[in-house]
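Visitor: Here is what each chain is made of, one letter per residue.
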Amino acid sequence: MDKLREKAAALLADGTVTMVLGYEEGTNKPRPVFCHTAEQASKLVYSSQCINNLAVYLTKKEIMGTGKVAVIATIPTLRSILQLSVENQLNEENLLVITVTDKEEVKEFANFAEIESYIADFQLKLDAKEQEIIDKLEGMSREERFKFWMEEMSHCFKCYACRAACPLCYCTKCIVEENRPQWINPWAAPLANMEWQINRAMHMAGRCTGCGACGDACPVGIPIHLLTRKMMEDLAPEFGFTPGQPSKNGNALSTWKADDKENFIR
Amino acid sequence: MKIGFYPGCSLKGSSREYNESVVAIAKALDIELVEIKDWNCCGATAAHSMNEELSLSLPARILALAEAQGLKEVVVPCAACYNRLVVTQHELKDTNKRERVTDIIKMSYSGDLKIINVLQMLETYAVDKIKEKVTKPFAHKVACYYGCLLIRPHKILQFDRVEDPQSMDAMVKLIGGTPIDWAFKTECCGAGLSVSRTDLVAKLSGNILKDATERDAQAIIVACPMCQSNLDMRRGAINETLSKPSDIPVFFITQAIGLALGLSPKELGLERHFVNVKL
Amino acid sequence: MNNNNSEFEPKIVAFVCNWCTYAGADLTGTSRLKYATNVKIVRFPCTGRIDFMLLLKAFAQGADGVIVSGCHPNDCHYTSGNFHARRRWITFRGLLDFMGIDVSRIQYSWVSAAEGAKWADVVNTTVANIRELGPYTEYQKVAGYLDKEEYNG
Amino acid sequence: MSKIGVFICHCGENISATVDCEKVAQEIGKVEGVEYAIDYKYMCSDPGQTLIKDAIKEHHLDGVVVGSCSPRMHEPTFRKACAEAGLNPYLCEIANLREHCSWVHEKSDATTDKAIDLVKMLVEKVKRNKPLDAIKVPITKKALVIGGGIAGIQASLDIANTGHQVILIEKDPSIGGHMSQLSETFPTLDCSQCILTPRMVEVAQHPNITLYTYAELESLEGFIGNFTAKIRLKAKSVDHSKCTGCGACLQKCPQKRIPSEFNAGLGTRTAIYVPFPQAVPNKPVIDREHCNYYKRGKCKICEATCPTGAIEWDKEDQILTEQVGAIVVTTGFNVKGTDFFPEYGYGQYKDVITGLQFERLASASGPTLGEIRRPSDGTIPKKIVFIACAGSRDEAKGIPYCSKICCMYTAKHAMLYQHKVHDGESTVFYMDIRAGGKNYEEFVRRAIEEDHVNYVRGRVARVYEKNGKLIVKGVDTLLSGQQVEIEADMVVLATAGVANCGAEQLAQKMHVSYDPYHFFAEAHPKLKPVETNTAGIFLAGACQAPKDIPETVGMASGAAVKVAGLFSNNDLVREPLIAVVNRCAPPQFSTCVGCFMCQTACPYNAIEREEIKGRDGKVIKTVAKVNPGLCQGCGTCVAFCRSKSIDIQGYSNEQMFAEVMSLLNH
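First to last, the sequence lines map onto chains A, B, C and D. Mapping of the first sequence onto the working numbering: residues 1 to 266, in sequence order. Mapping of the second sequence onto the working numbering: residues 1 to 279, in sequence order. Mapping of the third sequence onto the working numbering: residues 1 to 153, in sequence order. Mapping of the fourth sequence onto the working numbering: residues 1 to 666, in sequence order.
Hint data in this document are derived by calculation from the structure and do not stem from the laboratory. Among the hints, erroneous ones may be present.
Using 27 Å as the maximum straight-line C-alpha spacing, the simulated DSSO-like pairs for lysine-lysine come out as follows [as the list claims (entries may be wrong)]: (1) D:Lys466 - B:Lys203; (2) D:Lys295 - C:Lys34; (3) A:Lys173 - D:Lys625; (4) C:Lys34 - A:Lys147; (5) B:Lys210 - D:Lys466; (6) D:Lys57 - D:Lys30; (7) A:Lys173 - D:Lys613; (8) D:Lys625 - A:Lys257.
Over the 12 Å line for every Cβ pair with chain A, so calculated as not near, a few chain D residues [claimed, not checked]: (9) His206; (10) Cys602; (11) Asp647.
Just so you know, even glycine gets a beta-carbon here, dropped at the ideal spot from N, CA and C.
The whole structure should be built from the sequences, with the hints applied where relevant.
Guide: The structure is reproduced here in structure tokens:
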């Protein structure tokens, strides 16, 4: 941990970066912190408790400013960073990515390619809890599944925390703000809520890196991250990509194969 | 090496020598033949032209038995049986047919049994063995006669080239023989008309013998009881149609191989032939 | 299933591409083949243009079934619009099914400009299927949530 | 508040027979925003159109919906009418009340109700239509012709003679194609080369034609009027600017036993070769596959003999980029080899040959200098059998279609044989004789009656060799119904005509569709036989289906006229139904966030990157931009864009959304 603080302090001190994105102690778990001075760097912490996906800030001009910024990235964060880079959202020059290895080593990445080879060793796996719910849902009849989700959706009050927490929801104008036409009604109602979630999931198809930030962010605990997660599991074998690793040229929906299945088409 | 074995009626009757030679060389080549228990007629009778359900159910039962007896692969020396079994397996890929037939035979049927003819058995499991065990090379000029049932319908059997097949020729080369290039490899011998229209059999088989002799073959090699009996048993009738009578013997490929392996003519049932075998 | 729906007339919207299925449906007409009146065709330039939201909107607006149809693979007027569409639908179906939305109410098909008869057949069989399934009240109830204050779970 | 005019057409009885048009008009009249609604017997008629024009002026309509036949029928008609009345044509929409309603339903209220819904749907759309202007794209007035057979030659000459530039590429070292291989041609028996070679020379000398032999299409991009073709100039290893075509090298080349393609494998050629004496250009190329130097690194005898030092050993393929406005594909066909026929000996009998090989035997420039001699032993066959439909019209062989030319050339072959071998005996086995064409039937009769060719109607079951003879076993199904067995010296198979090798890949390169047999597909079987479904790409000759010389030449001229027609305008007027990326106020400038996923989704690479710069010239953001020239308007990007920043004119999100809503909300 000291190594990390030293590194951050150094970077800020010699002006390599104008800010370090990291974590500090929070009420019950570490929370994001923006360090602008070497002193602030002493607050930095790093542990498996750090679950916020800091990549979400990297597309926010108001936070990033124009100078170079260092980000202390967990594995999920690294995945998001790669996806963002594929989607032309990051400027390699102005970003310095740091992580802490299992051996407590502070690792600085020279470029995105290095990040890619680094995370290649970490497969993205569904944890038991998620798998359990998915299995439960798949065990249900279709009607039951619908009931389940409607029940869940009826709790949603459209706070869009899911959107705010997702590093890949960086559109300057989201479809829910589109009113010509009004694709999705703005008010919170089961249909509008569901339509919003379906859109979110479809927009994540082939892009989601499975960090689960959306699910964690939901104040009423709707397991929305399962929608994208499940889709990832289904599509990966179908379209031949590895969950959690960005597909360089185009994603699942912007590409095709002549022999994609069509057993459902007459 | 264990393989399931379906002899069929011919091999137990008119073509016993085929059975004897198959068993004999299998032994010599360390292939253990496991005869399917309680097997029945393959339906290569009137059945397959008279009654579809029957023509499918008979072979289906055989296949089901083999599956039930835990066999993965079955060798079927008789070309007619081989043809019926494979064709049935093909037909039963159709779900409706399969349901109907399994309902008739009241047995479970998966359809993943591998059905092979003698040539396939030899070329898959015995080539090297044969090479090493040949003691008396079968050094003769021979005409390999495949007949129709072994090759056709090609789309279904998927065995060898539909015209001018090669597998038997290869076997013969293997035991030191010289297969001739001739025209009647797959022409009709008269087949089932053996009894009802002997005259036709005489004419058709006649053409075959004629071409073989004219290209001075010393023997004809077959892999089908029907062909063998027509060419051999009907020789008298055949010779009446020929300007100059033919006395060339008709071997089963298994007999030829048997001889090459040094088995005695007796073990191979050569004395049962009508046209006596002097080479 | 709902067999008490003999009187029920399903509302079905067909999203078709301009070059194959729309033309195919024209051929159905010129061939004077008859089909059910339940289906109304919306014309798109290409299946690649068909937004999944429009399908949801159709259901929300009370459609009991939806047809999506375009050019056969390799016949797309825009060479690959239908391939993109096919991927989209593979993804979309999986998601809907996971959310318990009845994908059997969406009939995908390839109908070429030459397949007038096939179009009539697609329409008639789809109408029959939806009749069998009955009205999509399950979804419409949710959609009408704000209108009638009677949503329960 | 929009003012829509709705015009319901009875189409005589065609619509009104099952749809209550009057009621439709009334009901629509009540729809919000509909200013004027009326029904009329024939909207497309002059008075009908006048009705629309007058209404537009009188009621100041800002949108028009015509409920009539399919828009594929009269959309242009009515849009033109609107334009004439001063209304932007793209504010006019057609509700398909005939093909999609009246013709497919019985007379009933349901049918009328559906009609009303369909019109309502379009009313809702029109309310959201925007005036659009047709897009004008300049046309590059230069044509690319692919394939230098008779089709390509004809097309090139015809286009060039209209004063336009033509690039003709041919994959072989010489132009001429299959026609140059033929001996005499039916039905007049005039020498093929005698009529062809002058054309070949004309091509080579034409000021408007640039000829590239030994060249293939590498890739094709762009669209009608504006294609970019990359052409691979295969290395000839001989500098044709230096080579005088003296042919000294050909004499000296030690590799002499290479089967000659031109002689269909019956003759041989050297490794450095000119395919045939009359070749254009008449200069050699080195076949690197067989050349000693390229194989073993030594030889170079040709270099030593070449007086002008034209040999270039390490010459590499060149890629040439050309801008062209139109393309004529004339890549021709091929014939199945004898090895395609197990029943005729898997091609192992030397004296069983294809029709094309017989052409070479019969040709004065052929390996036997026009004498019919057996490939096996060079003797003159006294008995010859021709088998028509060898492969063609044979489901089992996977070629169900008729190759069309075989009946005629088989008759010709038999005739030529009889003329050359007077004591010879020829038999033709046939299924039917298809001799449709001017003087064709007469030609066949002549073969039968004057040259006494023995025609046997029936199939040949087997051909096998026996003491030097080919035994042809067949059946005469016409009279005797008997099996026939002929001891022939030679057998000629009229093997099926098939698509040329590589046709499939070429089609994919050019985005033109093809049939299951890899022949290129015409845009319409009757009315657009030379067009493909890709605008600006045309077909001629046997690459579309097997056809004879006159038909090929006719088709080639047809394609040439299409090209000339296209080139008669300076620019191409295209429908403005294309995608556009939205714009909005700074600091956003556009809601596009520049993820550029749409780039991978676009089938036409029509989406470019546009940098939005501030006053200081610094790049504020990079967003997507649609190239209106390339965009074909499929809208795949629209459905794909997450932020709905890209939309397509004429099928916009608002319009489609409104249509769907209108269909159901009642």
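Visitor: Hint by hint, say whether it matches the structure.
Guide: Hint by hint, here is what the structure shows:
Between the alpha carbons of Lys466 of chain D and Lys203 of chain B the distance comes to roughly 20 Å, so the proposed pair stays at or under 27 Å and holds. For the hint linking Lys295 of chain D to Lys34 of chain C, the alpha-carbon distance of about 69 Å lies beyond 27 Å, and the restraint is violated. Taking the CA atoms of Lys173 of chain A and Lys625 of chain D, the gap is about 18 Å. The hint holds against a cut of 27 Å. For the given pair, Lys34 of chain C sits about 39 Å from Lys147 of chain A by alpha-carbon distance, which is inconsistent with the 27 Å threshold.
Pair hint Lys210 of chain B plus Lys466 of chain D holds up; C-alpha atoms about 12 Å apart against a cutoff of 27 Å. Distance hint between Lys57 of chain D and Lys30 of chain D is fulfilled; the C-alpha atoms sit about 21 Å from each other, no more than 27 Å. Taking the CA atoms of Lys173 of chain A and Lys613 of chain D, the gap is near 20 Å; set against the 27 Å cutoff, the hint holds. Restraint check for Lys625 of chain D and Lys257 of chain A: the C-alpha separation of about 26 Å stays at or below 27 Å, so the hint holds.
Chain A leaves His206 of chain D outside its interface by the beta-carbon criterion, the shortest separation being 41 Å against a cut-off of 12 Å. Its closest Cβ contact with chain A, about 9 Å, brings Cys602 of chain D to no more than 12 Å, contrary to its assignment away from the interface. Some Cβ of chain A comes within 12 Å of the Cβ of Asp647 of chain D; the nearest lies about 10 Å off, and the non-interface call is violated.
Hints 2, 4, 10, 11 from the list above are not met by this structure, while the remaining hints are.
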